[in-house]
Structure formats: structure tokens, C-alpha cells
Amino acid sequence: MTQKDIAVQVRGLVKHFGETRALDGVDLDVREGTVLGVLGPNGAGKTTLVRVLSTLIRPDAGTARVAGYDVLSQPRALRRVIGLTGQYASVDEKLSGRENLYMIGRLLDLSRKNARHRADEMLERFSLTDAAGRPAGQYSGGMRRRLDLAASMIGRPAVLYLDEPTTGLDPRTRNEVWGEVQRMVAEGSTVLLTTQYMEEAEQLAHELTVVDRGRVIAGGRVDELKAKVGGRTLQIRPADPAELPRMAEAVARAGLDGIAGATPDEAEGVVNVPIVSDMQLTAVLGMLAERGFLIAGISTHLPSLDEVFLAVTGQKASSAPAPHDRTDALQEAAA
Amino acid sequence: MSAATITAPAPAPAREPRIGLRGNLRHISALVRRNALQIKQDPESMFDVVMMPIIFTLMFVYVFGGAIAGKGNQGAYVNYLVPGLMAMTSMNIAMAVGTGINEDFRKGVMDRFRTMPIARSSVLVAKIVTEVGRMIVASAIQLGMGFALGLTLKTSVLHLLAAVALSMVFGAALMWIFILLGLTMKTAQAVQGVAMIVLMPLQFASSIFAPTSTMPGWLKAFADYNPLANLADAARALVNGGAVAHSVWLVLAWSVGITAVMAPLAVAKFRKKT
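So the sequence lines, in the order shown, correspond to chains A and B.
Numbering-wise, the UniProt record's numbering puts 210 at position 210 of the first sequence, and it's gapless, one number per residue.
Numbering-wise, the UniProt record's numbering puts 170 at position 170 of the second sequence, and it's gapless, one number per residue.
The set of hints was computed from the structure by calculation and includes no laboratory data.
Each hint can be trusted.
Incomplete in silico selection of chain A near chain B, CB under 10 Å: (1) 55; (2) 75; (3) 76; (4) 93; (5) 94; (6) 99; (7) 104; (8) 105.
Note that beta-carbon positions come from the ideal geometry of N, C-alpha and C, so glycine has one too.
Okay, chain A solo, but in the shape it has when bound (with noise of 0.2 Å):
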């Protein structure tokens, strides 16, 4: 790997708030136009790395460059290649969404006819293009953070920042920003996303950083650091809970390759079984299917951030985020 294919480098960062220390020494890199997970729980320095990252902060410690630029010495450069999304939507909630995208594009320097025109192309393109005369503040929360990702794009940025771009956000609205940004990433763009959820680094990113107290404490890509965790929960719902049990001794009994067993939750209605690969998924499925079973939703669960710490660290993360589920499409359309 090549100096030149990094988009982003962090070597060593550190930044105080007075007796914390939000970033404890931070090294990264993110390849460009991949995306990079920075995944850990709240006040693990998340937030702190991508202010540092555009320039909104300057660290006590350490070097960071972007698209070769330092935060520190070239600010103002840097400013010309990277857009910001963040956690709560950056736009202003009085102006409507057009007026706001047109804003930016005058911003960039764009000219008035071009920044209405790029106004009108990423409205389309985030199909906010009804709302467009609407104030922002009318807006519901998937919509906005769609209005602010677009005004992160107006000006094609090199690297995008995505902080927590899908906290708060229901499940059909967090799909809609994953789509976006699997764009995004398809057109070319550089992504450095924090999450706190593993779901959405399986979804979007190429690699990982776990990060916990402003330090990181493994990194890889998202397959590897998958596998030192270990595997999916396939959760299986009978049409019939009375079936739960029959259910759960058809899975275990298959004999199927690498399937260990499977136990019934007659609480949740489902019958959960450890897999390790899509094969096994199937497998398990077809064999119910052969056998009769009349099944009313599936899902795949990951394992949550708290198995991924105590896996990688053999301990409990420093806050637990908020339990986030992920319901599968199948599951959405069986609803």
C-alpha cells in the first residue's frame, strides 16, 4: 500500500477535554475510495476523531492528513475535499431544502445558475424534490438527514465524514442512507463512517476500527474481525409457535454441516441458530422447507457491539449503546 492510495492517515492523535482524554493516541488509515468503520460505544472518541478530521478541532498530539492535506498546516485546502454529516443534521432548519442546498453551492463558489442546477440534481437524487420548498425544520428526521447528506455532496467531496449517520433513524429510513451511501461509495468517494453498531459496519464498510476510550483496540477487515468473533443468530419464526419445539429438533437433528443445535424462545416466538455462512442459512431453510414447516419471518442478528468487545478484549465496553435490531427484508415483506 502505497503513501498515495491513502486518503486518510491518523497517526498518534491525542485530544484532552480537560481531564479525559477523548483520543488516546488514535492510528488509522482509510484506502481510498473505500470505507472505513470507526466502531465503537458512546464517548469512545468517535465523534472527537471526525471534528479533529474537518478541522473543527485541533488535536494536542499526533498528525492527521487528508487527501495529503494537514489538518493542522493546510486547513483551509483540506476544507475544499471533505464533506460532514453529522450525528445531528447539519442544516438550517428555517430554510427550505432547496434554498439550503443552493446556499452550499454558493458557498463552493459554484455560479448561480450551477449551484441551482446541482441544487435541483441532488434533491432529485435524494428524492426530496417534494419537499424542496418545504423549511427543513418540517421535515421528518430521515428526510433531513438525507437533505445533509446532500449538502455534503454538492460539492463532490474526495473523503466523506459520516458520524453516526443513521442513529435515531427507523429501520426503513436507516435503509434508505445505507443505499445512499453504497452509492456514494460505488461513484468513488472516500467514506470514514462511525457507528455504533456492528449491522451497519457489516453493511457499509470495507474495514474495521474498534475503538474504546479514545484508543484502538483491533482493526481489520470487517470478514476477519467477524470471524474472531464468531458468527450470526439466524432467528427462524413458525407460522404455528406451537411448532417451536419440533422445529428446533428438525434443525438440530438435520445433521447439517457445521450446524451445532438450535433452541426454541418461546417468548420471542423464534428459534435461534448460531450460523457461520450464508450456505448454512440456506441449508437450514431448504430443509424446512422440504420438511413442511410453514415459516413466517427469518432474520440474521449479528453479533451486538458488547460480543465484539468482549471477544476482541475479553471485556465489557466501556458504555452499552442502545440495543438496535435488524430486520430483514424478507422479514419486513412477510409483515
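Starting from the known structure of chain A, arrange chain B on it as the hints suggest.
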């Protein structure tokens, strides 16, 4: 849209790119437009601008005017009072910029501005330009109110416009103080509180409402160099005739002095604020 072309990171240049004058003006006008649209969306935010001149004029002319100028002399008092009230109004509007900037800072959009390739001062300058616009509206209402109550222009329209312009210049200079205050204090309420404490003596220990000649010596000394009193005197002379130069120069000196000291401090504070 053609597939978005993401520019490859360029090799770091030796020097930081500069934002030229045209760029700065473009950014400032985009931000002024934002402020104007906010007012359009929330017309109640103009309440102070519209009501303050009306209420103060009515109150001082009819409630205190008789006592200050003598019963039946309210008509003459209008000509004394209204130019001074313009000074006071500009100060009150200048104060609002402090609470405004403080509230603005707690919104995410400020983060966006500060991560964009614009001069950070342009956000502040745009705020000042907008507030000067509000001052012009307030001055127009103030003068309209004055003329309705019998204000007579004894000089020329040009003199009158010069009086308005002088209030704007001084008001804009004052805003830097309140911006610094707004950036330093934690809450908008605190900003308001401190600003009031500063404003009260400047407003009342002045020649705005009554001549300073009846004040005790120490107070008169303060009032004679109180910039707000200087502004009131200057505006009064510009409307009613009389020696103008001394008080105008004093106001301009105050304006330049305040701006020279406070603007760099405010911009530095804005840069460092997290």
C-alpha cells in the same frame, strides 16, 4: 448528472489557497441571503425592530416629555429626543446580534459552515450586514414616528441620511463587542443579562433623553465621553443644525477603535470555538 467525478487528492501545495475578495463577497452574500430568508420564514423576529422605535418614541414624548421639556413643549422635545433615540435603537439591535450568534452556535449548521472552504469571518460579517439592514428598517420607522409626532427637519435630507448612516457605522462597530460576548458566554440568557448591564448606564447616563447640563459633575464627565451620547449629539446636530464636526469625529473614532480591537478578537474566538 454525469457520474460524479471525484477528484483525486492533489499533491499538497506549498501554500494554502487564498479566498479572494470576490469569493468573500460571494460567500457573504450567500449567508446574508440565508439570514434574510430566515426573517422571511419567521417574521416575528422583526418585532423588536418595528415595535421598539414606536413604543420608545410614544413613551418618552408623552409620558416623560412633559416633565422633561415642560407641559405643552412636547413638540419641541420630539426634535430633541428622536435623533437620540436612533442612537439607542441601533444599540439595542446591535445587542441582539450577541444572543443570535450564541443560539446559532448550538445548531449543527454552524459546524457545516466551519468545515467549508470559506473565510470564517464571513459568517460574522454576514450577520452584521443583516443586522445593519434591520437597523435601517428600525431607523425608518423611528423617523416616520418622529415626523408623525411633529419632528421638523431643520437641515437637509442629506444631513438626515448622514445621521442614519452614522448610527449604522456605530451600531456595526458595537456588534463586534456583542458577537464576542455571544461567543464567550454559555447561554443566550447570560448574553442578554450582561449586555443589559452594560447598556443601561450607557443609555441613561447620556444626552439621549435630557441634556447633560443638570447632571452632577462626575456623571456629566462620563456622559460627555459616553459614545452613545456622542452619537445622540451628532445625530441631533445633523437634524436640528448646529456644530456637527466634534461629535461626529468622536463617534467615528469610537467606531474605528471598537472595531479595530473587537473584530480580531471576535474572529479569533470564532475560529477557536469548538
